[in-house]
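2 protein chains.
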Amino acid sequence: MSENISVIQSIELKLHESLALTDSKFAPPTLVQALHHAIFPGGARIRPQLCLAVAAACGNDDPALSLAAAAAIELLHCASLVHDDLPCFDDAATRRGQPSVHAAYGERLAVLSGDALIVLAFEVIARAGNRSPLRLAPLITTVATSVGSPNGIAAGQAWECENKVSLSRYQKTKTGALFEAATAAGAQAAGSDAETWRPLGEWLGEAYQVADDIRDVMADQSMTGKPAGQDIAHDRPNSTKELGVIGAIQHFDQLVMKAIKSIPSCKGEKLLRSLVAKEAARLIPDDWFLEEQRPIHSQYIAS
Amino acid sequence: MSENISVIQSIELKLHESLALTDSKFAPPTLVQALHHAIFPGGARIRPQLCLAVAAACGNDDPALSLAAAAAIELLHCASLVHDDLPCFDDAATRRGQPSVHAAYGERLAVLSGDALIVLAFEVIARAGNRSPLRLAPLITTVATSVGSPNGIAAGQAWECENKVSLSRYQKTKTGALFEAATAAGAQAAGSDAETWRPLGEWLGEAYQVADDIRDVMADQSMTGKPAGQDIAHDRPNSTKELGVIGAIQHFDQLVMKAIKSIPSCKGEKLLRSLVAKEAARLIPDDWFLEEQRPIHSQYIAS
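Line by line, the protein sequences are chains A and B. To convert, note that position 127 of the first sequence is 129 in our numbering; the numbers rise steadily by one, no gaps. To convert, note that position 233 of the second sequence is 235 in our numbering; the numbers rise steadily by one, no gaps.
None of these hints come from the bench; they were simulated from the model. It is possible that some hints are incorrect.
Any copy will do: because identical chains look the same in the list, a pair fits if it lies in one copy or spans two.
Subject to a maximum C-alpha distance of 20 Å in a straight line, what follows is the list of computed SDA-like cross-link-like pairs (lysine to any residue) [stated by the list, open to error]:
(1) Lys166 / Gln35
(2) Lys280 / His253
(3) Lys269 / Leu83
(4) Lys27 / Asn165
(5) Lys280 / Val9
(6) Lys243 / Asp214
(7) Lys27 / Thr147
(8) Lys166 / Pro31
(9) Lys166 / Ala29
(10) Lys27 / Glu164
From just these sequences and the hints, can you work out the full model?
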């Protein structure tokens, strides 16, 4: 547990250090404030934690690089939230229990904050490339792929503008891709093979998306920090429509099981299992459903 | 001359090749169209030409890397135009004589196209890093710095949201930074020192900004492909307000002279001089002013 606290602390520290790169006596002060607002206080920082957990499982022989990759992934996640909250998309007034960036600083600074965070993510990785320069190209390619087009967040969000959408393609790109990048980049930053670790990110990303759908239907704003019922309000795909809420929670449990089972045999195996199980419990608290509604739930909480 | 045509052709080809990375049978088709619309047909492609001219002057021993850097810089330039044209900024209906991206594809796809182009720029550089992996970190840092905060385009555009703005800081970040990156990255892609080449980009960027101010006041839409009088309409700084139009053209000529004089002695010197002089004539056609209004103009057109 103390190990995990220090992981989270090191992520927060690295995010502060990264944001400091955007500031100077020459920086436009309101942009700097908006950038901080976009990153702090954070959410669960699950993607960077996942990235670092995989790096640790792979030996983590270049901790500066894996930490940079983890921070970059969180910066990109936050950038996507800032742009997703814009009036032309979700028009969300709140995020993580505080005003969204555009609500607090206006639309122009929200667009620019997102842009600056995307740029910063790549700068942060590049600046950490001294010790293992040969890892930079594959690492940056992995991260870029997960946020661009056709396989990343930008493409995922763009599916919201199409008339015909495949639900699984939409979820894979909008949510799954960055989870997959978190595990792949964690491995690559430690000089390991990305492919072994992609399934973990993939299953978790899918589980996360289903959890998000369930939370959108069940939770109120005081629990999630963002307005509920957004998918219905914006006529977006939501897996509870297809499976029902009980079907969706059982699907979620199956995905979490698949994620846990995909973890390759390695020294960080136990820590990773417990991270996944803890994250599942954070996403869908145990008391939201009866145990008999979740027949395989007890199998993974023991992890 | 034929050499320059082939440079421009290779830039166009590389831009097409780069955009192909964003497309697949899984890509959201309208985003792919919007991305093409943002890049083609292009403007003068002056930044990538400058990048390649400097790389050539430095020996250009890794042509794939310098071409990737040049394309990345153009992608970032186009991304900034797409976001700059958004309703919350300039609300420009046209760009390069055709509808702006948001006018053609809507605001959401304009935001996402800009995002995807920023991501693509870094992916394109990373994918060209195989042969000279040690050059990747400094190259990406140079490019990122020129489009982020505090010294790049995002910061430059964010100055439009501040009450107190230094005109020179605004121009340096919004326009100058990417010119400086074009020369610095050209040098770095060829394994040379960036610092020697920064002044050329800096002077040219400043000249370009002054030319843009003059064009905004003097040219009509049929000449520039974008609406005139935007600076006055949006109450943005414009150097003709400060210096008058004649003062501004003389300032422009001085900056072009400084740019030409900053070119270090090297084998590509002559080509670079002629590129700068040609670009100056493209920006401000000779017949816009009388020769006696431009006392130092004849000095550099002979370059």
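(Q) Please list, smallest to largest, the hint numbers that this structure does not respect. (A) Of the numbered hints given earlier, the structure breaks just one, which is hint 3.
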